[in-house]
Amino acid sequence: MSLLLSGVLFPPALGALILILLGRLLSKRSVSWLSPAAVGISFLTSLLSFFLIKGKASLYLFPWLSVGGLQVDFSLLWDPLSSIMALTVSGVSFLIHIYSVGYMGEDPGYRRYFAYLNLFTFSMLLLVLAPNLPMMFVGWEGVGLCSYLLIGFWFEKETAANAGKKAFIVNRVGDFGFLLGIFLLFTLLGNLNFDYINYHANSLAPSAATAAALLLFLGATGKSAQIPLYIWLPDAMEGPTPVSALIHAATMVTAGVYMVSRLFPLYARSGLALNVVAWVGIITAAFAATIALVQNDIKRVLAYSTISQIGYMFAGVGVGAVSAGMFHLFTHAFFKSLLFLAAGSVIHALGTQDMREMGGLRKKMPITFWVFTIAALAISGIPGFAGFFSKDQILAQAYIRSKAIWAIGVVTAGLTAFYMFRLIFMTFFGEPRGWKNAHESPPVMTGPMLVLAFFSVVSGWFFSSFHGWLKPLGYIHLEELPESKEALLMGASVGLALLAIGLAWWIYLKRGKGFHTGFIHKLLLNKYYVDEIYNAAFVIPYREGSRLISRYFDIGIIDGTVEGSGRLTLQGGRLMSFFQSGFLKDYALWMAAGVVLALFVMLGRAL
Amino acid sequence: MSSFSLFILAALLIAGGIAGFFLRKDLLTMLLSSEVALSGANLLLLVFASQASPTEAQAAVLAILTVAAAEVAVALAALAVVIREKGKATEDIVSEMKG
Amino acid sequence: MLNLAFWVLFLIILGGLGIFLFSRREERSVVSLAAVFSALGGVFALMGYTFLGAIYLLIYAGAVVVAFLMVAWLVSGRSQGGRSLRWAFVFVFLSLTLELGLILTYSHLTFKKAQAPALKLGSFFLQNYLYVFELTSLLILTAVISSLVLIRREK
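Residue numbers (my numbering), protein chains in the order written: chain L, 1 to 607; chain G, 1001 to 1099; chain P, 2001 to 2155.
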């Protein structure tokens, strides 16, 4: 049975390999079949495994690293947590592959695009199915690489190339922490398998567990775009929109949440680390939501929304409700990728991302409009839609642990509803602003959107079975809340969301123009000047320091040494060339002189 | 035939070879002189080695012989080229090796 | 008797060296060296290295000197030895005959027992220094090819 797992992991790798090696020989049509099919097989096998494999299974392939005391096997792990992730990843990835066939149809880099997308899916599945930290790290780096390649997919555009570099460098900072965390765990425990770490987490000293957990969490803040390393994600929107949907909304950026859930016992061992996770998550959620309020680029609004929602997931896991956090990850994967795909559909039709140039698209693109509305309702937490259930669980659990986190969470939920409907009103309602003719996207694009819309509604209905499915992990636990209290909390957040929607309607539709309240608006529009602060604090000192080193150390000392040795050789050669007169007999003379000298030396020794 | 007389013979051969190398002006005999000196060295090697390890010494001389034969083949070819290019082969003709 | 043989060879070598050094003709120098090398082969044989002596005779007096002679003729532009060369040939011929006689006569009573018969030498090479042996053949091959390349006329 566990052999099925190789069917989950390897088809996308094979697809990527074929596309990279033979891509030029394949017709566009066969690429359009091959690449989605590879991911489709992967999705079908994970579905099969989901039903056939009961509980836990692992597939041992080969020993990968065996150095000293370190023994790392290349094997795949299928348990409740990874099965949920694998299903979500392969399913969403499959739909987005199909959507991309339509979206990227005209692009000259069609084959390259699908090669990267397949490679990404493989890396993400590797990350998910890894049974130990080093293998997870390989997947972790693999998705980072694909993210870099796809953000900079249109690398002839300078902003895209720079955005790719930014994402890569910021992630390096996080990965540095992640690596240190792995090293620390190895010195502490001597084994890097998740099972082993989780089983022995309680034998660690709390301070050691805190250090390891926080180092790993630094990696998670990089990959999952949390404070302080979130700055790369908004710029990552330079990539093609399906990429934003797949990598920068649904799958890769949630890897951090997955990692924390995986190692939850380690985090639980150190209460401090868990608190840090929860607070970083909820502050990021609120922080990003405020920025999203005023952005005019449709994809940037969604990017900040993604940061904010991932913050929710971390908050959920951080307050100890792993199943709630993972459930939000699960539902978010559907509605957020749907939001991106629908936005992509609009961008595809209009050729612009600026919402100030949109408006009135409701009539021209009905399907896009409706699926977008469904997704927006889901993310805003309107009862009946998926986001409501998952967000409500997180908030309820947060209420038990910390009222402050709950309060911030509820306010953020209101902000979320506000900016989402601001987006809808600016894009789909009102009068057309600056576009002539728009059209609905082809079925190859609307199809996946409709499927995702379906899941954006129903995926939220199964929380209790989801919770039950994760239960065998052993550390899944929910606090009970009195029914009346729960209803009250629910009412508060839903009421706030509805109020926010009404406010958005009043400001952007009734009044017809937004607020421009001076200082705060400017602060938000400029994203709290975080990029500028980072620039002044890190980038400029680093660049100037490098310049100094290149000017003095490099030219003076390194070049001086190299050129000096060259000059020495030259001078030495000039000196020695005295003996190289070019006449045969002179050479013979020197040789004979050498023999005579050697003889004298030997005689001297002998006497 | 004492070891001493063999030494004398070897010394004569080596000295003769070196003297030939310096006295003669044509490349051909200079080359031959070096062969003579080499033979002297071979003789010396055999004389010294016949006490300790005659088989090794003989093998070494045999190897030297082979190398020398190969060297002569290449050197003679080079010599022939020089003759073809310059018309004659005396040592003052070939003085382009200055470093 | 053996001493006598040695001194005869000694004298031949001395004479050959003298002719080699002081003759003005290249051909004469070369031919006299044939005598020197063959006499040296005789000395080796007397020392007990009979196999080596024979090889010396073959390779040096036979192959090497002849090759030199051909190049010498190439330099002087003549294809045959002149009149003045005749006595040198006579000298060489006589010494060669003498040596052969000496070797044939006394090969069974050298100063010592034969130091290392060819059989022993062969197994020594093939057992202890096989790679060196093979490398040597590679060297010869290289020498052959490189001399062919050197001598080839560009067209």
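Hints should not be assumed to be uniformly reliable.
As the list claims (entries may be wrong) - With a straight-line Cα cutoff of 25 Å, these simulated SDA-like cross-link-like pairs (lysine to any residue) come out:
1) G:Lys-1086 <-> P:Lys-2120
2) L:Lys-54 <-> L:Gly-582
3) G:Lys-1025 <-> P:Leu-2014
4) P:Lys-2120 <-> G:Ala-1077
5) G:Lys-1088 <-> G:Ala-1041
6) P:Lys-2120 <-> G:Ala-1041
7) G:Lys-1086 <-> P:Val-2144
8) G:Lys-1025 <-> L:Phe-583
9) L:Lys-485 <-> G:Ala-1019
10) L:Lys-510 <-> G:Ala-1077
11) G:Lys-1086 <-> P:Leu-2014
12) G:Lys-1025 <-> L:Ser-464
13) L:Lys-510 <-> G:Ser-1034
14) G:Lys-1086 <-> L:Lys-527
15) G:Lys-1088 <-> P:Ser-2137
16) G:Lys-1088 <-> P:Val-2149
17) L:Lys-585 <-> G:Pro-1054
18) G:Lys-1088 <-> L:Ser-464
19) L:Lys-585 <-> G:Leu-1062
20) L:Lys-585 <-> G:Ser-1034
21) G:Lys-1086 <-> L:Tyr-587
22) G:Lys-1025 <-> L:Lys-527
23) L:Lys-527 <-> L:Tyr-552
Honestly, the hints are just simulated from the structure, not real lab data.
Structure-based check of each hint:
1. Pair hint Lys-1086 of chain G plus Lys-2120 of chain P does not hold up; C-alpha atoms about 49 Å apart against a cutoff of 25 Å.
2. The straight-line distance between the Cα atoms of Lys-54 of chain L and Gly-582 of chain L is roughly 87 Å, outside the 25 Å bound, and the hint therefore fails.
3. Distance hint between Lys-1025 of chain G and Leu-2014 of chain P is fulfilled; the C-alpha atoms sit about 22 Å from each other, no more than 25 Å.
4. For the hint linking Lys-2120 of chain P to Ala-1077 of chain G, the alpha-carbon distance of about 35 Å lies beyond 25 Å, and the restraint is violated.
5. Between the alpha carbons of Lys-1088 of chain G and Ala-1041 of chain G the distance comes to roughly 31 Å, so the proposed pair goes past 25 Å and is violated.
6. At most 25 Å may separate the alpha-carbon atoms for a hinted pair to count; Lys-2120 of chain P and Ala-1041 of chain G meet this at roughly 23 Å.
7. Restraint check: the Cα-Cα separation between Lys-1086 of chain G and Val-2144 of chain P comes to about 24 Å, which is no more than 25 Å; the hinted pair holds.
8. Between Lys-1025 of chain G and Phe-583 of chain L, the direct Cα distance comes to roughly 12 Å. Compliance with the 25 Å bound is thereby established for this hinted pair.
9. Straight-line distance between C-alpha atoms of Lys-485 of chain L and Ala-1019 of chain G comes to about 117 Å, which puts the hinted pair past the 25 Å bound.
10. The suggested pairing of Lys-510 of chain L with Ala-1077 of chain G is violated, with an alpha-carbon distance near 103 Å, which exceeds 25 Å.
11. Of the pairs offered as hints, the one joining Lys-1086 of chain G and Leu-2014 of chain P is violated, with about 34 Å between alpha carbons and a cut-off of 25 Å exceeded.
12. In summary, the hint linking Lys-1025 of chain G to Ser-464 of chain L is not supported, as the alpha carbons are separated by about 107 Å, beyond the 25 Å threshold.
13. Between Lys-510 of chain L and Ser-1034 of chain G, the direct Cα distance comes to roughly 110 Å. Violation of the 25 Å bound is thereby established for this hinted pair.
14. The straight-line distance between the Cα atoms of Lys-1086 of chain G and Lys-527 of chain L is roughly 84 Å, outside the 25 Å bound, and the hint therefore fails.
15. About 33 Å separates the Cα atoms of Lys-1088 of chain G and Ser-2137 of chain P, which puts this hinted pair outside 25 Å; it is violated.
16. Distance restraint check for Lys-1088 of chain G and Val-2149 of chain P: the Cα-Cα separation of roughly 21 Å lies within the 25 Å cut-off, and the hinted pair is therefore satisfied.
17. For the given pair, Lys-585 of chain L sits about 35 Å from Pro-1054 of chain G by alpha-carbon distance, which is inconsistent with the 25 Å threshold.
18. Straight-line distance between C-alpha atoms of Lys-1088 of chain G and Ser-464 of chain L comes to about 105 Å, which puts the hinted pair past the 25 Å bound.
19. Restraint check for Lys-585 of chain L and Leu-1062 of chain G: not satisfied, since their Cα atoms lie roughly 28 Å apart, outside the 25 Å limit.
20. For the hint pairing Lys-585 of chain L with Ser-1034 of chain G, the CA-to-CA distance comes to about 12 Å; that is within 25 Å, so the pair holds.
21. Taking the CA atoms of Lys-1086 of chain G and Tyr-587 of chain L, the gap is about 22 Å. The hint holds against a cut of 25 Å.
22. For the proposed pair Lys-1025 of chain G and Lys-527 of chain L, the alpha carbon gap of about 91 Å is over 25 Å, so the pair is violated.
23. With a C-alpha separation of about 38 Å, the suggested pair Lys-527 of chain L and Tyr-552 of chain L falls outside the 25 Å cut-off, and the hint is violated.
Hint violations for this structure: numbers 1, 2, 4, 5, 9, 10, 11, 12, 13, 14, 15, 17, 18, 19, 22, 23, all remaining hints satisfied.
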